[in-house]
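Protein chains: 2
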Amino acid sequence: MSHEPYDIGPARPRLDALAKACGTELFSADSYPPGLLWAGARRCGVPHGILRGVDASAARALPGVHAVLTREDVPGSNRQGIVHKDMPVLCGTRVRHCGDPVALVVAESRDVLRKALALIHVDIEPRQALADMDAALAPDAPLIHESHGSNILLAAEIHKGNAEEALAQCDVILEETYFTPAQAHAFLETENGLARLDEDGILHLTVSTQAPFRDRFEIGHALGIEPWKIRVHSPFLGGGFGGKDGATVQCLLGLAALRLPGRTIKMWWDREESFLAGYKRHAARMHYRLGAMNDGTLRSLVCHLWYDTGAYAHLGGEIMELGMEHAAGPYRVDHMDCRGLCVYTNNPVAGAFRGFGVAQASLAFEGMMDRLADRLGRDRLDLRRQNALRRGDRNCAGVTLTSSVGLDECLRRVQGHELWTTRHAWKKDAPAFTRRGVGVAAVFNGMGYGRGLADNAIAKIELTPDGRFVIYSGVPDMGQGNASTFAQIAGEMLCQDAGRLEVIQPDTERSHPSGSASAGRTTYTFGQALIKACEMMTTKLVRRAALALMIDEPGGFTLVPGAVRHLPTGKELPLTVMGAMLPRDDRVCVAEYLMPVSREVPDTGKDFPLGFPHLIFPFAAHLVRVEIDELTGLVRVCDYLAATDGGRVLNPQNFHQQIEGAVAQGLGFALMEGFGTENARITTPDLSTYLIPTSLDLPDTQSVAVETLEHSGPFGMKGVGEVGMNGPLPAVASALSDALGAHIVRAPVTPAMILELLASRGAQA
Amino acid sequence: MSHEPYDIGPARPRLDALAKACGTELFSADSYPPGLLWAGARRCGVPHGILRGVDASAARALPGVHAVLTREDVPGSNRQGIVHKDMPVLCGTRVRHCGDPVALVVAESRDVLRKALALIHVDIEPRQALADMDAALAPDAPLIHESHGSNILLAAEIHKGNAEEALAQCDVILEETYFTPAQAHAFLETENGLARLDEDGILHLTVSTQAPFRDRFEIGHALGIEPWKIRVHSPFLGGGFGGKDGATVQCLLGLAALRLPGRTIKMWWDREESFLAGYKRHAARMHYRLGAMNDGTLRSLVCHLWYDTGAYAHLGGEIMELGMEHAAGPYRVDHMDCRGLCVYTNNPVAGAFRGFGVAQASLAFEGMMDRLADRLGRDRLDLRRQNALRRGDRNCAGVTLTSSVGLDECLRRVQGHELWTTRHAWKKDAPAFTRRGVGVAAVFNGMGYGRGLADNAIAKIELTPDGRFVIYSGVPDMGQGNASTFAQIAGEMLCQDAGRLEVIQPDTERSHPSGSASAGRTTYTFGQALIKACEMMTTKLVRRAALALMIDEPGGFTLVPGAVRHLPTGKELPLTVMGAMLPRDDRVCVAEYLMPVSREVPDTGKDFPLGFPHLIFPFAAHLVRVEIDELTGLVRVCDYLAATDGGRVLNPQNFHQQIEGAVAQGLGFALMEGFGTENARITTPDLSTYLIPTSLDLPDTQSVAVETLEHSGPFGMKGVGEVGMNGPLPAVASALSDALGAHIVRAPVTPAMILELLASRGAQA
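Quick mapping for you: the protein sequence lines, in order, are chains A and B.
Everything in the first sequence is counted per the numbering used here, starting at 2 for the first residue and increasing by one.
Everything in the second sequence is counted per the numbering used here, starting at 2 for the first residue and increasing by one.
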């Protein structure tokens with residue numbers, strides 16, 4: 002066993018790397034306990050309609066079918082949803098999108114399941130499909146949720162200063178409308194889980210989920226059982242990105258398990274079902290009017306954002322809020338009017354996705370910055386530096402930035418980088434029939450839940466009887482590496498090597514509620530709780546060692562790998578002895594952390610119900626160099642640079658992996674991933690029609706850490722799970738406009754669009 | 002269920018009162034699990050000798066005998082002892098007092114056990130019995146413990162100033178020698194317990210013990226098993242007083258259980274065995290030379306203390322140390338030379354006993370004060386007030402009293418009491434053939450373990466799934482009521498009523514090491530730990546409630562009976578819901594407290610190994626009025642007043658009960674309880690020969706609380722378990738000398754001694 006502490010700062014190999022590389026780490030999808038049954042949902046396949054009946058007689062008669070359940074079999078409220086409980090577990094009278102489930106089948110095998118699902122006959126009277134927000138907002142549009150009384154899920158406003166008046170006084174006023182598409186999370190491991198009702202009436206679930214603790218309440222409410230009679234275990238996830246934040250398989254699995262006590266039920270959506278029934282990024286439309294002075298000072302923004310939440314709310318309102326909170330970008334803008342409408346349609350359900358509403362708005366505010374720079378004849382990067390938020394400024398939502406702000410330093414790093422300084426020469430060197438462009442973007446992303454919803458974590462650490470430390474994580478690891486960082490934090494605090502540290506993935510029975518793995522909050526919030534728990538553990542161990550060594554004051558003790566040492570005498574007590582000696586409850590420390598929230602009351606026209614505003618922001622400046630094939634319209638991303646302020650970096654490897662992954666996903670969003678619908682029916686139902694970038698489509702991203710110190714965070718860090726997603730689209734748009742001389746207002750920028758732009762530019766020229 | 006919080010201050014009924022009054026509270030002795038076997042020891046019956054052999058063949062042959070074990074059957078070190086491991090579990094080659102065990106029998110029933118014990122033939126070659134300290138200290142005396150190299154267990158010295166020189170300069174020098182006897186604890190529930198070795202190799206014991214956590218180490222060392230393979234449970238004790246602090250039945254029971262795995266073994270000493278084999282108070286001899294000035298100022302004390310520890314050490318050295326630390330009484334004395342000798346003899350083993358060495362010295366230092374007052378023609382109480390320690394003074398051990406000191410106030414209360422102010426008239430009113438006397442005494446008693454041995458407690462409190470609080474006590478309740486006070490402390494801190502509070506008696510598996518129930522430390526040390534645990538619990542519950550109620554700052558919350566309430570909104574979360582909601586480890590809080598120790602290095606000629614000096618002292622002033630029957634020599638205690646400074650009183654009922662019990666035990670010590678030996682053989686083997694006071698022998702003690710504030714203690718308290726024991730003997734001696742005109746130097750003061758004194762006084766007159 003190595004005796005080098007698994008500490009903070011250097012790049013430490015991830016604790017989960019070997020097991021994942023060898024395939025011994027079991028994901029939820031890898032679990033096939035003996036005797037399991039398979040569950041699957043019959044999806045309605047119709048975007049909007051009245052459900053007249055479900056005929057399951059043929060399916061029920063099929064040998065190997067254990068149960069076919071419909072709405073009448075759901076014992077509870079039948080309602081799911083994180084904030085708005087508007088999504089049925091099984092539809093009874095109404096279907097609102099093609100993926101709505103109308104029956105649940107439990108069968109002996111996957112084959113029988115497929116056959117049984119095909120045998121279910123569903124009788125639906127179709128109604129007008131509201132295929133876009135305009136249709137849904139039309140005065141005579143049918144209501145998708147009658148009880149809600151409107152197709153508007155949330156109408157919200159942010160007012161800062163006097164935007165219209167200030168706009169009128171500006172030297173320059175620019176106006177534009179931007180469009181971003183729905184996007185699929187396209188995680189490796191699609192939605193899945195297992196459930197079993199045990200003899201004590203406890204419902205056990207193992208689910209690929211980002212929010213095991215919240216799941217208990219979702220399931221409990223939907224199925225009418227006490228949340229504490231539900232145990233949810235969340236192993237490592239094969240990706241999440243927001244798509245596993247909220248109920249996917251949970252309630253359906255629970256329902257099946259309640260019906261078949263003692264049996265283990267597995268449900269695993271294939272890619273097509275994941276695309277059909279899973280959550281998507283909200284498609285958005287954004288209308289911007291930006292006013293500035295001739296010297297480049299931003300002065301006023303009036304904007305209107307529309308987010309298409311599809312058939313159900315999920316976190317639609319909160320996602321739009323976050324877009325609005327970031328609407329003016331990471332810049333000083335004294336006046337802003339921002340109005341938002343989050344609209345129900347019959348499109349697939351939109352929900353949480355890395356970049357959470359901000360990835361959309363980033364195209365708009367950065368597009369406006371490019372236009373302004375071009376209009377004023379200014380260097381695009383320079384104009385951004387001039388207006389960049391600094392510590393102490395108030396952002397466009399009215400929040401005074403007392404947390405760390407490293408944006409200008411991010412921009413300065415990009416400005417000094419040779420990818421930027423050599424851009425003119427590089428562009429001139431473009432081969433024949435090739436255009437080159439260099440783009441930049443400055444982005445940010447509020448971290449954590451924001452005000453109104455406690456962003457809290459409870460960490461538990463145990464000294465085992467054999468002298469190791471086990472960290473009970475309360476927040477899942479979707480692959481981003483937080484579990485390993487938790488071990489590093491404990492290793493740092495307790496001065497122990499990796500061999501003595503183990504992280505248990507969330508399990509509502511063993512670990513403690515710590516919110517969801519989302520919002521860039523995971524390591525920040527749980528890490529702070531864990532630091533406190535480790536401090537408690539250290540104090541405890543020192544005091545217990547002092548007792549055992551008959552030293553009556555605890556000064557002079559320290560933890561060393563494998564032992565507690567009394568420095569003045571050199572006496573040591575091995576952790577193995579302490580572990581054996583201490584009673585169970587004295588080997589466990591539990592500590593909590595609550596993220597600070599802004600106590601300013603922003604000047605909003607309308608209070609948001611939850612999650613507004615944010616206090617702490619990671620920042621980033623992205624640079625991209627692209628090459629356009631004038632003959633095919635294909636865009637090649639040649640170079641990518643991301644300078645990110647995530648506070649202090651705990652493990653450079655994990656940090657850069659996060660950035661690289663987000664950039665890849667962002668480049669897909671910019672250039673390839675338009676999740677298509679036509680009349681509310683999906684036109685990209687699988688990975689042959691919905692393309693995501695492969696490693697061949699991507700450059701080696703250069704990631705630069707700009708290490709500010711975020712005092713409130715663990716060892717000075719901020720979360721970088723989200724911010725990297727927001728840069729690629731505006732940076733690519735900027736590079737393309739640099740290459741084409743035409744501004745990009747719509748994503749993804751497909752070869753067809755490029756060819757069209759080239760043609761119109763050619764016509765102009 | 003009452004909704005009145007079970008809080009601190011008012012007299013609250015003891016939580017254990019009803020169950021004890023109804024007989025439903027099960028003591029260790031009450032436990033008769035099915036299939037139990039009985040164990041008993043064959044005692045040698047010889048004060049000193051060489052063990053030639055043990056013939057157990059007849060006993061082994063007796064039907065119903067499961068095992069007869071001798072020294073060879075003991076797998077470990079065979080040594081017991083808290084500090085000095087000098088006491089064998091079973092003697093092999095040597096016996097050192099009549100109670101030494103030479104064989105252990107396990108039998109089907111108590112009857113068979115008795116018969117089998119009688120059938121064991123023990124072959125002992127007698128050696129000279131060292132029946133008193135002088136014999137043991139004689140140059141040619143045989144060594145009781147050869148490996149120790151001397152019959153002196155501990156020789157110790159305390160030097161403060163320059164005592165001999167100062168003495169020579171005094172106006173008055175007084176000299177006297179005092180004697181106090183051994184005393185039996187005479188608890189209701191004699192030593193007993195049960196043991197069983199389970200299938201996992203865990204040795205389970207239920208024992209009437211004051212130190213369950215230390216017991217594990219005693220048993221482990223003696224029997225060669227890991228302490229953490231031993232689980233000790235300590236139910237309520239039917240009295241302890243120090244006599245159950247240290248191994249009694251533990252190792253013998255453990256030995257029997259190891260031999261007979263899976264069987265439950267019970268051992269219960271009857272009164273005679275308890276007198277024979279149990280611990281006693283040390284008999285002591287004390288030679289004092291006290292010097293004072295004519296104005297009454299004490300100036301120098303030179304004294305020599307001898308403590309007879311009997312055959313084994315137990316805590317003999319530490320007990321003598323405490324006597325020495327208190328040798329000059331609670332007075333300012335600038336110079337002191339105190340030498341102590343703790344001596345091995347072949348008498349019954351002496352050990353811890355309420356008053357722990359100080360009950361002996363109190364006779365001497367208070368006797369000297371009376372003599373000095375008489376010599377100077379001063380009022381006895383007045384002289385004590387003149388010299389009484391005050392906060393900021395250094396005591397005779399050289400410790401600066403920064404803790405609370407209420408002695409003068411105790412004396413003032415006595416001085417103003419009508420039992421004192423009317424004393425002259427009362428004495429004059431004595432009937433014929435009756436003499437009356439009024440005595441006072443001022444005493445103190447160091448609290449806790451003192452320096453060198455961490456005086457620590459670890460409290461655990463749990464919110465149960467059904468919304469109650471369970472306190473896991475780490476220190477036994479011998480009857481003094483600490484368990485109930487723990488509930489009160491938790492009730493106070495958590496604002497809960499008695500119905501929601503439960504105290505679990507110590508169990509090394511469920512509660513945490515908190516030292517022994519002794520040294521007046523129990524409520525002080527564990528109470529402080531419990532307060533911290535309750536603070537943690539409150540913080541935790543408030544934060545969890547804030548989460549559940551979606552309130553993102555924990556301000557404004559409070560606990561109310563049965564719930565957590567958010568005061569600004571009036572929202573409540575019932576504890577039943579919180580209990581159901583929280584995971585196991587989040588319902589438990591563990592906190593530690595370490596008693597402060599003096600950091601002064603006293604000017605001692607020789608460092609004590611452990612437990613010296615003390616920092617915190619309860620004080621008391623006692624007054625007694627006695628009546629002497631001149632014809633019979635019988636002394637009647639007419640009135641008793643105890644003014645006690647124990648810091649703030651947590652529950653007046655418990656406080657006064659402690660004082661009343663100690664006064665009763667002290668009056669027995671003063672007037673009746675001489676534990677007799679003749680040539681090291683007990684002459685008072687049972688309660689017909691060893692008399693203790695009954696309620697008819699005792700007055701109604703008036704107990705007055707002098708409530709200083711001890712800042713370091715829980716809600717300002719100090720422990721009063723010991724101090725009350727120290728007053729009655731010197732107060733009675735003072736009253737008798739007041740009545741007789743002759744000073745008392747020996748206890749107990751029997752009618753024969755009184756008649757003798759009357760006769761000699763009569764002769765003088």
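Keep in mind that the hints were calculated from the coordinates and are not lab data.
Incorrect hints may have been included.
Pairs involving identical chains hold if they fit within one copy or between any two copies, as the list cannot separate such chains.
For lysine-lysine, the following DSSO-like pairs were computed, each having C-alpha atoms within a straight-line distance of at most 27 Å [what the hints assert, rightly or not]:
id, residue 1, residue 2
1, Lys116, Lys429
2, Lys572, Lys230
3, Lys86, Lys230
4, Lys429, Lys21
Every value quoted in this text rests on a predicted model; they were computed, and no experiment measured them.
Hints, verified against the model:
1. Lys116 with Lys429: neither (61 Å within a copy, 113 Å between copies)
2. Lys572 with Lys230: between (48 Å within a copy, 24 Å between copies)
3. Lys86 with Lys230: Classified as within: same-chain Cα gap 21 Å, cross-chain 53 Å, threshold 27 Å.
4. Lys429 with Lys21: Result: close neither inside a copy nor across copies, 45 Å intra and 97 Å inter.
Checked against the numbered hints listed earlier, the structure breaks hints 1, 4; every other hint is satisfied.
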